[in-house]
Amino acid sequence: MTGPRGGRPARGARVSAAWVIVAVGLFAGFAALGTWQLQRLAWKRHLIAAVEARTDAPAVAAPGPAQWEGIGSGDARYRHVRVTGHYLHDAETLVHGTSRLGYGYWVMTPLRTGRGFTVLVNRGHIPESLPGTPAFRTMPRPEGRVTVGGLLRLSKPGGDVFRANAPAKGAWYSRDVAAIATAAGLPADRVAPYFIDAGERPGPQGWPAGGLTVVDFPNHHLSYAITWYAMALAAPAAVLLALRRRHPQEKEWPNT
Numbered sequence: 001m002t003g004p005r006g007g008r009p010a011r012g013a014r015v016s017a018a019w020v021i022v023a024v025g026l027f028a029g030f031a032a033l034g035t036w037q038l039q040r041l042a043w044k045r046h047l048i049a050a051v052e053a054r055t056d057a058p059a060v061a062a063p064g065p066a067q068w069e070g071i072g073s074g075d076a077r078y079r080h081v082r083v084t085g086h087y088l089h090d091a092e093t094l095v096h097g098t099s100r101l102g103y104g105y106w107v108m109t110p111l112r113t114g115r116g117f118t119v120l121v122n123r124g125h126i127p128e129s130l131p132g133t134p135a136f137r138t139m140p141r142p143e144g145r146v147t148v149g150g151l152l153r154l155s156k157p158g159g160d161v162f163r164a165n166a167p168a169k170g171a172w173y174s175r176d177v178a179a180i181a182t183a184a185g186l187p188a189d190r191v192a193p194y195f196i197d198a199g200e201r202p203g204p205q206g207w208p209a210g211g212l213t214v215v216d217f218p219n220h221h222l223s224y225a226i227t228w229y230a231m232a233l234a235a236p237a238a239v240l241l242a243l244r245r246r247h248p249q250e251k252e253w254p255n256t
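So in full-length UniProt numbering, the last spot in the sequence shown is 256, and the numbers never skip.
Do not take every clue at face value.
[What the hints assert, rightly or not] Here are the simulated distance ranges between beta carbons:
(1) V24 / Y224: 19 to 27 Å
(2) G64 / A32: 44 to 52 Å
(3) G25 / E92: 45 to 53 Å
(4) A66 / P134: 43 to 51 Å
(5) D90 / W36: 50 to 58 Å
(6) A238 / G170: 22 to 30 Å
(7) V161 / A31: 28 to 36 Å
(8) G132 / Y224: 42 to 50 Å
(9) V146 / S223: 43 to 51 Å
(10) H86 / R40: 42 to 50 Å
(11) W43 / Y103: 31 to 39 Å
(12) V214 / A57: 34 to 42 Å
[Unchecked claim] Taking lysine to any residue and the SDA-like style, the derived pairs with C-alpha atoms no more than 25 Å apart in a straight line are:
(13) K169 / G158
(14) K44 / G74
(15) K44 / M231
(16) K156 / S73
(17) K156 / P127
(18) K156 / P134
I should point out that these hints are in silico values taken from the structure, not numbers from a laboratory.
From the three backbone atoms N, C-alpha and C, an ideal C-beta is built for every residue, glycine too.
Take these sequences, add in the hints, and give me the full structure.
Okay, here's the thing in structure tokens:
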């Protein structure tokens with residue numbers, strides 16, 4: 001039957017069709033997001049497996065200048081490396097940071113290698129209260145030729161989320177290799193574009209405490225995928241419910 005002027009049912013059909021189009025669009029969009037999250041899940045699992053393999057592998061020589069180009073885009077991150085040289089303790093830099101021991105500083109010390117380049121070594125973490133105390137001044141600082149093993153880490157320029165590095169004030173909030181090297185007067189072209197997180201030393205640990213690298217990649221992609229797929233199913237159901245509620249109001253119109 002037709003409604004007033006013969007147009008109401010036709011209008012209702014157009015409205016229903018529009019809702020169906022919206023439902024199909026929402027379903028397709030949410031389903032696509034769910035599939036994307038599953039793809040991200042596969043990528044994240046591959047990344048975690050690759051990094052775990054690097055950290056557990058035998059140590060290799062730290063990359064030299066010939067290997068620096070493009071190191072940030074390769075598989076160098078968290079690689080287990082070793083390097084031999086002499087520490088430059090006069091160029092030591094403290095970087096604000098948090099470890100499982102609490103808030104404090106990372107002790108970043110340049111190591112001049114026998115291969116003609118310098119690399120920053122994160123010798124470990126110290127408490128915030130330690131600098132300026134006699135314990136800090138007498139803290140072990142290895143002299144002579146040493147071999148350091150640890151995990152290769154990429155430079156973190158700029159600062160942390162809330163604070164920018166302030167080299168002029170000696171305030172560092174991220175391990176920005178290039179900026180730290182420049183502030184310490186080291187030749188930029190001979191400083192590695194990465195730093196090394198030193199491993200835990202045998203025997204009594206003391207300060208700085210090494211071996212505190214946290215290798216943790218959040219992986220919530222499966223729960224995200226389930227959420228998106230659930231929304232993809234819920235969208236058509238919500239549209240169907242809305243149409244059923246509208247239908248009784250529009251299907252009966254008296255003839256005129």
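Structure-based check of all given hints:
Our hint of 19 to 27 Å for V24 and Y224 holds, since their Cβ atoms are close to 22 Å apart. In this structure the hint that G64 and A32 lie 44 to 52 Å apart at CB holds, the actual value being about 45 Å. In this structure, G25 and E92 break the distance hint of 45 to 53 Å, their C-beta atoms being roughly 59 Å apart. Checked against the hint of 43 to 51 Å, the pair A66 and P134 passes, with Cβ atoms roughly 44 Å apart.
At roughly 51 Å, the beta carbons of D90 and W36 sit within the given window of 50 to 58 Å. Look at A238 against G170: about 58 Å separates their beta carbons, and that is not inside 22 to 30 Å. Between V161 and A31 the beta carbons are some 34 Å apart, a value that agrees with the proposed interval 28 to 36 Å. The hint said 42 to 50 Å for the Cβ distance between G132 and Y224, and at roughly 46 Å that hint holds.
Between V146 and S223 the beta carbons are some 46 Å apart, a value that agrees with the proposed interval 43 to 51 Å. Taken as a hint, the range 42 to 50 Å holds for the pair H86 and R40, whose Cβ atoms sit roughly 44 Å apart. Between W43 and Y103 the CB atoms are about 33 Å apart, so this pair conforms to the stated range of 31 to 39 Å. Roughly 19 Å separates the CB atoms of V214 and A57, a value that falls outside the hinted 34 to 42 Å.
This hinted pair checks out: K169 and G158 have alpha carbons roughly 14 Å apart, not beyond 25 Å. Taking the CA atoms of K44 and G74, the gap is about 16 Å. The hint holds against a cut of 25 Å. For the hint linking K44 to M231, the alpha-carbon distance of about 23 Å falls within 25 Å, and the restraint holds. As the CA atoms of K156 and S73 are separated by approximately 14 Å, the hinted pair is consistent with the 25 Å bound.
Restraint check for K156 and P127: satisfied, since their Cα atoms lie roughly 21 Å apart, inside the 25 Å limit. With a C-alpha separation of about 31 Å, the suggested pairing of K156 with P134 is violated against the 25 Å cut-off.
Hints 3, 6, 12 and 18 from the earlier list are contradicted by this structure; the remaining hints agree with it.
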